[in-house]
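> Okay, here's what each chain looks like letter by letter:
There are 2 protein chains.
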Amino acid sequence: MVEREIKALAFDVFGTVVDWRSSIIREGEALGRTRGLAVDWARLADDWRALYQPAMERVRSGEIGWCKLDDLHRINLDRLLERHGLEALREAEIEHLNRVWHRLDPWPDAVAGLRRLKSRYLLATLSNGNVALLVNMAKRAGLPWDAVLGAEPARAYKPAPEAYLRTVDFLGLRPEQCLMVAAHNADLLAAARCGLRTAFVRRAREHGPGQTSDLEPETGFDFVADDFLTLADQLGC
Amino acid sequence: MVEREIKALAFDVFGTVVDWRSSIIREGEALGRTRGLAVDWARLADDWRALYQPAMERVRSGEIGWCKLDDLHRINLDRLLERHGLEALREAEIEHLNRVWHRLDPWPDAVAGLRRLKSRYLLATLSNGNVALLVNMAKRAGLPWDAVLGAEPARAYKPAPEAYLRTVDFLGLRPEQCLMVAAHNADLLAAARCGLRTAFVRRAREHGPGQTSDLEPETGFDFVADDFLTLADQLGC
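Sequence order for the protein chains is C and F.
With positions in the first sequence counted from 1, the corresponding number in the numbering used here is that position plus 113.
With positions in the second sequence counted from 1, the corresponding number in the numbering used here is that position plus 113.
It should be emphasised that the hints constitute simulated quantities derived from the structure, not laboratory data.
Mixed in with the good hints, there may be bad ones.
Where chains are identical, the list cannot tell them apart; a pair therefore holds if satisfied intra-copy or between any two copies.
The calculated lysine-lysine pairs, modelled on DSBU-like cross-linking and capped at a C-alpha distance of 35 Å, are [said to hold, decoys possible]:
(1) Lys181 x Lys252
(2) Lys231 x Lys120
(3) Lys231 x Lys181
(4) Lys252 x Lys120
(5) Lys252 x Lys231
(6) Lys181 x Lys120
None of these values were measured; they are calculated from a predicted model.
Could you put the whole structure together from the sequences, leaning on the hints where they help?
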């Protein structure tokens with residue numbers, strides 16, 4: 114049985130554990146009311162997220178040196194301010210908005226599911242978020258990680274193999290002892306190529322009501338679940 | 114007030130949070146009974162620990178490349194087996210003994226003190242232990258870290274400045290926002306040189322009943338406490 118070998122669960126975070134899009138819209142709308150701004154926050158969230166992979170690709174390709182996700186987020190946000198009617202924001206407000214990624218809300222099942230999974234497995238992040246972002250998010254949302262790992266300690270952005278393999282090495286485990294949990298096919302496929310076990314969790318509203326990608330697993334992952342509570346059932350927690 | 118600026122507490126672990134010497138003696142004596150070995154486990158613990166700094170110095174000096182503490186512990190243990198009458202141990206037993214550092218017990222005040230401190234501050238390890246060692250120790254002992262950091266993610270052993278400064282950088286903080294908590298003057302002096310705040314916690318039995326070092330703070334640290342509960346009082350937790 115696969116689950117007997119598994120010692121640690123390694124989680125993608127944005128979209129898998131937390132609902133980044135709704136969180137940005139919620140906080141943006143509050144800021145908009147305070148500052149009298151007419152902004153389409155859903156579009157801002159989508160445009161900001163659309164710049165995420167290209168920014169990391171500049172690091173992965175070696176075009177630029179190592180750069181924390183907080184800094185990539187800020188470079189991307191600066192590109193969007195004018196287009197979205199945010200020119201009036203002061204520097205401190207822009208910086209606070211940039212750190213909305215530290216204040217994302219978990220999906221409703223996430224905290225309860227993680228608590229159950231933690232009773233039997235070591236829980237680590239394996240996210241492209243930087244450590245401070247993930248630690249602040251966890252502290253605010255009550256995410257009970259045993260270890261906050263991922264791109265920054267590994268100095269490699271997913272889906273580069275080093276992101277997975279260095280995280281496994283930090284945990285002192287073999288790849289097959291780690292279960293990658295993600296809502297994204299590409300992340301799980303990259304993890305599987307490194308020898309990790311895989312769990313696909315459906316997050317069909319990550320990109321809002323019109324989501325078209327990652328609605329279903331595209332291959333035979335070890336586990337497929339609708340949320341973390343179901344995953345906990347499947348893993349005997 | 115210094116404590117208003119502080120956002121994170123960074124903990125030395127061996128000797129400060131956990132009682133490595135008693136834990137090794139306890140587990141060693143159980144092993145000795147099972148295997149009928151006549152070993153002076155206190156002497157083994159002291160000799161093993163005495164090889165700790167010289168082994169890390171080989172990494173710090175560049176004589177050898179990066180090496181996890183688990184591996185340095187094993188190299189050091191192998192040097193001691195014959196001298197201490199442990200030649201009869203099988204490979205799996207030696208490897209299990211080497212990982213006794215993953216199973217160290219906390220000082221009696223540690224878990225309760227950390228829980229109080231966690232209510233107000235971010236708690237991170239800043240230890241020379243590798244991540245797997247610290248995560249396994251925390252899981253077994255109930256140490257409620259927000260982040261497991263230190264030498265391995267920083268790729269530098271204390272007291273090298275990079276160990277402190279890279280940990281502060283992972284946390285997204287400035288050095289003066291971090292309070293280094295340790296039972297060792299040298300560790301705190303090195304942290305202070307990097308700009309961190311300092312808290313000396315007395316652990317007068319770390320080296321057993323005849324301890325002669327680190328009985329008192331050797332300079333004016335920001336906080337001096339007899340245990341983590343007193344430190345929590347001083348920090349308003």
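> Look at each hint and say if it fits the structure.
Status of each hint after checking the structure:
1. Proximity of Lys181 and Lys252 under a CA criterion of 35 Å is satisfied in both settings, with 20 Å inside one chain copy and 28 Å between copies.
2. For a Cα distance limit of 35 Å, the shortest separation of Lys231 from Lys120 qualifies both inside one copy, at 11 Å, and across copies, at 26 Å.
3. For the homomeric pair Lys231 and Lys181, the shortest alpha-carbon distances inside one copy (28 Å) and between copies (26 Å) are both at most 35 Å.
4. In the homo-oligomer, the alpha carbons of Lys252 and Lys120 lie at most 35 Å apart both inside one protomer (24 Å) and across protomers (12 Å), since each shortest distance falls under that limit.
5. Proximity of Lys252 to Lys231 under the C-alpha cut-off of 35 Å is found in both arrangements, the shortest distances being 16 Å within a copy and 9 Å between copies.
6. In this assembly of identical chains, the alpha carbons of Lys181 and Lys120 lie at most 35 Å apart whether taken from the same copy (29 Å) or from different copies (20 Å).
In terms of the numbered hints stated before, the structure departs from none.
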